[in-house]
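**Q** These protein sequence lines are chains C and W, in that order. With the working numbering applied, the first sequence covers 168 to 290. With the working numbering applied, the second sequence covers 1258 to 1364.
The set of hints was computed from the structure by calculation and includes no laboratory data. Certain hints may be false.
[Unchecked claim] Non-contacting residues of chain W with respect to chain C, defined by C-beta distances greater than 10 Å in every case (computed):
| # | residue |
| --- | --- |
| 1 | D1258 |
| 2 | S1271 |
| 3 | Q1295 |
| 4 | K1296 |
| 5 | S1310 |
| 6 | R1318 |
| 7 | F1319 |
| 8 | G1323 |
| 9 | T1354 |
[What the hints assert, rightly or not] Covered stretches of chain W (in silico footprint by chain C; criterion: 3 or more residues with CB under 8 Å from a CB of chain C, positions within the stretch not fixed):
| # | stretch |
| --- | --- |
| 10 | 1272 to 1279 |
| 11 | 1302 to 1308 |
| 12 | 1324 to 1335 |
[Said to hold, decoys possible] Under the rule of at most 30 Å between Cα atoms (straight-line distance), these lysine-lysine pairs were calculated in the BS3-like manner:
| # | chain 1 | residue 1 | chain 2 | residue 2 |
| --- | --- | --- | --- | --- |
| 13 | W | K1299 | C | K229 |
| 14 | W | K1302 | W | K1360 |
| 15 | C | K212 | W | K1299 |
| 16 | C | K244 | W | K1299 |
| 17 | W | K1299 | W | K1364 |
| 18 | C | K229 | C | K244 |
| 19 | W | K1364 | C | K244 |
| 20 | C | K212 | W | K1296 |
Glycine included, each C-beta is placed from N, C-alpha and C at the ideal position.
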Amino acid sequence: QVQLQESGPGLVKPSQTLSLTCTVSGDSISSSNYYWNWIRQPAGKGLEWIGRIYTSGITHSKPSLRSRVTISIDTSKKQFSLRLTSVTAADTAVYYCARAPIVGITTGSLEYWGQGILVTVSS
Amino acid sequence: DIQLTQAPSLLSASIGDRVTISCRASQDIYSYLAWYQQKPGKAPKLLIFGTSSLQSGVPSRFSGSGSGTEFTLTISSLQPEDCATYYCQQLNSYSLTFGGGTKVEIK
């Protein structure tokens, strides 16, 4: 059974950098059949995709966040990470990591999710 | 970015009712449309991928249909455990986007 687990600080000060890691268990993170995503959800609001990374290291991110987002992957540790710079209160949200296949009609569907981690931006 | 518009945003129905949720895309997304169910305090759960394919373990009362820019999630007979918020999601570009969500309540 594939499992994903987010980890990182639950509190970040304004203007600082938010850093989260997603650890994958139950399957390889090195397969070229998947890509790895970050999604967030402010309290009481909808889902917002942040970006994704392929095992090759290629990344795509939401245009409005692109200048602040860095996503990286460490296949030896079975982890991928998110860095979001210059955070404000608007970045306060539950952050999820998720896996999506790159296979036919399953492509892009987020089949496995972490439980989520609440990150609050506050001084 | 491709925008997804869901309707309605809130739906109240009785147990056993047939429930339909609409998702409209701002441009053609072919069949790369998925549906998720999210309950309070939980991560979203994949229900439907590729517009109409049921994810393993999902009850058969859930179904998806559509093409191009118009898509639908149907619950054939609403059950108490179906109270949740439902999101559509597309991937037909470098960006992935979600609809705004539909909250389903029991009347």
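**Q** Determine for every hint whether it applies to the structure shown.
**A** How the hints compare with the structure:
no.: 1; hint: D1258; result: 7 Å, violated
no.: 2; hint: S1271; result: 26 Å, holds
no.: 3; hint: Q1295; result: 8 Å, violated
no.: 4; hint: K1296; result: 12 Å, holds
no.: 5; hint: S1310; result: 6 Å, violated
no.: 6; hint: R1318; result: 20 Å, holds
no.: 7; hint: F1319; result: 14 Å, holds
no.: 8; hint: G1323; result: 13 Å, holds
no.: 9; hint: T1354; result: 6 Å, violated
no.: 10; hint: 1272 to 1279; result: violated (count 0)
no.: 11; hint: 1302 to 1308; result: holds (count 5)
no.: 12; hint: 1324 to 1335; result: violated (count 0)
no.: 13; hint: W:K1299 / C:K229; result: 23 Å, holds
no.: 14; hint: W:K1302 / W:K1360; result: 15 Å, holds
no.: 15; hint: C:K212 / W:K1299; result: 14 Å, holds
no.: 16; hint: C:K244 / W:K1299; result: 26 Å, holds
no.: 17; hint: W:K1299 / W:K1364; result: 23 Å, holds
no.: 18; hint: C:K229 / C:K244; result: 26 Å, holds
no.: 19; hint: W:K1364 / C:K244; result: 48 Å, violated
no.: 20; hint: C:K212 / W:K1296; result: 13 Å, holds
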